[in-house]
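> The primary structure of each chain is shown beneath.
Protein chains: 2
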Amino acid sequence: MEEKIQTLWEEVRELSLGVTPIDRLHAPPTPLQFLRDYISPNKPCIISNAIHHWPATTLWPSTSYLLHTLSSSAVSLHLTPIGRADSLTPHPTTPSSLCFASAHVQSTPFDEALMFIRNSNQHSKFVAYLQQQNDCFRSEYSSLAADCESDIHWASEAIGCLPEAVNLWIGNHLSETSFHKDHYENIYAVITGEKHFLLLPPTDVHRMYIRDYPAAHYIYSQDTGEFALELDDPVRYVPWCSVNPYPSPENKEKEVSKFPLFFEGPKPFEVTVNAGEILYLPSMWFHHVRQTPDGSGLTIALNYWYDMPFDIKYAYFNFLQSIHYSSPLHTPTLDGLKHEESCSYACTCNSMKELNAKTYPASEDATDGLNNSMS
Amino acid sequence: MEEKIQTLWEEVRELSLGVTPIDRLHAPPTPLQFLRDYISPNKPCIISNAIHHWPATTLWPSTSYLLHTLSSSAVSLHLTPIGRADSLTPHPTTPSSLCFASAHVQSTPFDEALMFIRNSNQHSKFVAYLQQQNDCFRSEYSSLAADCESDIHWASEAIGCLPEAVNLWIGNHLSETSFHKDHYENIYAVITGEKHFLLLPPTDVHRMYIRDYPAAHYIYSQDTGEFALELDDPVRYVPWCSVNPYPSPENKEKEVSKFPLFFEGPKPFEVTVNAGEILYLPSMWFHHVRQTPDGSGLTIALNYWYDMPFDIKYAYFNFLQSIHYSSPLHTPTLDGLKHEESCSYACTCNSMKELNAKTYPASEDATDGLNNSMS
Numbered sequence: 001m002e003e004k005i006q007t008l009w010e011e012v013r014e015l016s017l018g019v020t021p022i023d024r025l026h027a028p029p030t031p032l033q034f035l036r037d038y039i040s041p042n043k044p045c046i047i048s049n050a051i052h053h054w055p056a057t058t059l060w061p062s063t064s065y066l067l068h069t070l071s072s073s074a075v076s077l078h079l080t081p082i083g084r085a086d087s088l089t090p091h092p093t094t095p096s097s098l099c100f101a102s103a104h105v106q107s108t109p110f111d112e113a114l115m116f117i118r119n120s121n122q123h124s125k126f127v128a129y130l131q132q133q134n135d136c137f138r139s140e141y142s143s144l145a146a147d148c149e150s151d152i153h154w155a156s157e158a159i160g161c162l163p164e165a166v167n168l169w170i171g172n173h174l175s176e177t178s179f180h181k182d183h184y185e186n187i188y189a190v191i192t193g194e195k196h197f198l199l200l201p202p203t204d205v206h207r208m209y210i211r212d213y214p215a216a217h218y219i220y221s222q223d224t225g226e227f228a229l230e231l232d233d234p235v236r237y238v239p240w241c242s243v244n245p246y247p248s249p250e251n252k253e254k255e256v257s258k259f260p261l262f263f264e265g266p267k268p269f270e271v272t273v274n275a276g277e278i279l280y281l282p283s284m285w286f287h288h289v290r291q292t293p294d295g296s297g298l299t300i301a302l303n304y305w306y307d308m309p310f311d312i313k314y315a316y317f318n319f320l321q322s323i324h325y326s327s328p329l330h331t332p333t334l335d336g337l338k339h340e341e342s343c344s345y346a347c348t349c350n351s352m353k354e355l356n357a358k359t360y361p362a363s364e365d366a367t368d369g370l371n372n373s374m375s
Numbered sequence: 001m002e003e004k005i006q007t008l009w010e011e012v013r014e015l016s017l018g019v020t021p022i023d024r025l026h027a028p029p030t031p032l033q034f035l036r037d038y039i040s041p042n043k044p045c046i047i048s049n050a051i052h053h054w055p056a057t058t059l060w061p062s063t064s065y066l067l068h069t070l071s072s073s074a075v076s077l078h079l080t081p082i083g084r085a086d087s088l089t090p091h092p093t094t095p096s097s098l099c100f101a102s103a104h105v106q107s108t109p110f111d112e113a114l115m116f117i118r119n120s121n122q123h124s125k126f127v128a129y130l131q132q133q134n135d136c137f138r139s140e141y142s143s144l145a146a147d148c149e150s151d152i153h154w155a156s157e158a159i160g161c162l163p164e165a166v167n168l169w170i171g172n173h174l175s176e177t178s179f180h181k182d183h184y185e186n187i188y189a190v191i192t193g194e195k196h197f198l199l200l201p202p203t204d205v206h207r208m209y210i211r212d213y214p215a216a217h218y219i220y221s222q223d224t225g226e227f228a229l230e231l232d233d234p235v236r237y238v239p240w241c242s243v244n245p246y247p248s249p250e251n252k253e254k255e256v257s258k259f260p261l262f263f264e265g266p267k268p269f270e271v272t273v274n275a276g277e278i279l280y281l282p283s284m285w286f287h288h289v290r291q292t293p294d295g296s297g298l299t300i301a302l303n304y305w306y307d308m309p310f311d312i313k314y315a316y317f318n319f320l321q322s323i324h325y326s327s328p329l330h331t332p333t334l335d336g337l338k339h340e341e342s343c344s345y346a347c348t349c350n351s352m353k354e355l356n357a358k359t360y361p362a363s364e365d366a367t368d369g370l371n372n373s374m375s
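These protein sequences, in sequence, are chains Z and X. The opening position of the first sequence corresponds to residue 1 in full-length UniProt numbering, with each subsequent residue numbered one higher. The opening position of the second sequence corresponds to residue 1 in full-length UniProt numbering, with each subsequent residue numbered one higher.
Don't take every hint at face value.
Unchecked claim - Listed next, the in silico DSBU-like pairs over lysine-lysine satisfying Cα-Cα at most 35 Å (straight line):
id, chain 1, residue 1, chain 2, residue 2
1, X, K125, Z, K4
2, X, K4, Z, K267
3, X, K267, X, K252
4, Z, K4, X, K254
5, X, K4, Z, K258
6, Z, K4, Z, K254
7, X, K43, Z, K43
8, Z, K4, X, K4
9, Z, K267, X, K43
10, X, K4, Z, K254
11, Z, K4, X, K267
Just so you know, the hints here were simulated from the structure itself, not pulled from any lab data.
With the rest of the complex left out, here is chain Z (with noise of 0.2 Å):
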């Protein structure tokens, strides 16, 4: 069964990926172009010359006229220690074992979220991060409306709806999302700075060692200028990526060892988003991403989430999910030496019942049981 599996990470490469990098369109594609060659196949891709028209493109970068136009408003800001917020943490009480935190979110004044956007370092006290996978952009941020399209019409026309939820997204060099896939069609336009994807599609799902992790939380304390992580009460378990891509000099080999088919497997599909651009990320596929700031210390990306097709490829990712692929692990065991372990595992967050579950996820573009659904 390993062998099949992995004959399809290939298949899939060879005849619909192709072994080079991600297309890269030079204007907006038709609706038809975009559903036949990106949609249907289940295939990424870059628009440039897609948003230039709009006004944001050259009002944001401009952190005077944001300050100017949300002022003081409320947003809802996310505090993690070191930029890495919904992704994997020793857990608070066991640390040998990890648990699924998410950030500490205040309701803050923009201009006040915006200066410790710009401050968060690695020396400081915690890295703030503005995002909300709420719809946030047509609610906390109405203001910047007339800025940016509310959709994007070909997208829009090709998928043959509006968006569900339109998300804002400003952050600086620490703000990272891990691994993780969404039950969307994501059209991820960059306003300024860079962003970093690294892709891989649902048929690698494997490959990302897919596990239930307890959810957490960080509690900041103002007072303190200290996290607490406390777990979530009731209890309750996020399906996640157990992958981190780009593992510490220090913990690589183990990470190596631990999740041997995604270190020794096909690479992740790289692609650098820029200012002005779009990035087709199409549903199910896993996605990682870091990014870079501009001139004022600021990344800015807004995506436009719609409803994917819950059809014959989204029951062949289920029934691909379903299967338990026999990991030969390497562990280090007490005594120094190497055992060989065999995990035998499948994967279990997705199933019928996740889809009348579903509800906005907190997770940057995740869906995966956060806050509501899957657990």
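Could you slot chain X onto chain Z? The hints should help.
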């Protein structure tokens, strides 16, 4: 694994296809609708009122028009003993096993061919069928070109190319095509009479019991009025569906016990395509075809084969097909008792190789290894 595959059968029906009959559109869709709602999700539909503007719909039901236009021009006539070409029949030398039998094909003046078809019945020496899947409408039948459109414009625009082949079918009530699938998007227009399709999605591949059968061909002797069945030389094998969905009453129990996944699983979608209607038969769907003639004793249809996308869906299909399904079979034994027998089987007919070898197939819409490629 068997349960997981069965869940896939159910999910495709629940998510994508629905349990109600196939969609019947009352006018041609726009290219975008057709692509979004049918091609991309790999979902069949019937389109009424799509060809009423073709001269063929009024001209062809009159055999005098066809006889006048084609006169005695040579056409490829297929002769079989009982109307089943490209289907399984007892092996000529070891009748306890089966072979894949192709029709006797002879170049015949059209007027004579039409007479043979109309005179074919249970008591005649052969059943005649005009069917040739080699783009015959644009070659043998080019004098009829003005009676139909050279392509289906909304399909061509959706798919992004012109048809690779256009094939004409003229048969009577005895002509039947056994279960198989094609590597084409198929637009099937019925001009006169009715076509009755049984349809199963590609996810049901294990229910078809595809096996490699030795290829054979009928040879009809005009002198004796009898058929001989000869194995192809050199020997070649054709992967073909083992299931006959309409077994004779005396064979029914045996067939049901041999192919429980078909007979005991979800029922095929039953579709009758009436004169003036088009069936969109998605690529890789298994289909079985029978027909009811019009008042003049003929069923006439035209089908347009368009290139299919070899994308993630195709890769998923190949993966599914590569998986063994251990089916418990109840096999009667000599002492009259039934023993459980495990038949572990993986289909072998599809691979990357067949993409390179794809040419026109020989059966009704069949690309499964015929004449060329996959065996």
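> Against each hint, give a clear statement of whether it holds in the structure.
Hint-by-hint comparison with the structure:
1. X:K125 x Z:K4: The hint is violated at about 49 Å.
2. X:K4 x Z:K267: 29 Å, holds
3. X:K267 x X:K252: At roughly 16 Å apart (the allowed maximum being 35 Å), K252 of chain X and K267 of chain X satisfy the hint.
4. Z:K4 x X:K254: 33 Å, holds
5. X:K4 x Z:K258: Holds, at about 27 Å.
6. Z:K4 x Z:K254: Since the Cα atoms of K4 of chain Z and K254 of chain Z sit roughly 27 Å apart, the hinted pair holds (cutoff 35 Å).
7. X:K43 x Z:K43: Holds, because 20 Å separates the two Cα atoms, which is no more than 35 Å.
8. Z:K4 x X:K4: Holds, at roughly 16 Å.
9. Z:K267 x X:K43: 33 Å, holds
10. X:K4 x Z:K254: Roughly 33 Å separates the two Cα atoms, so the pair holds.
11. Z:K4 x X:K267: 29 Å, holds
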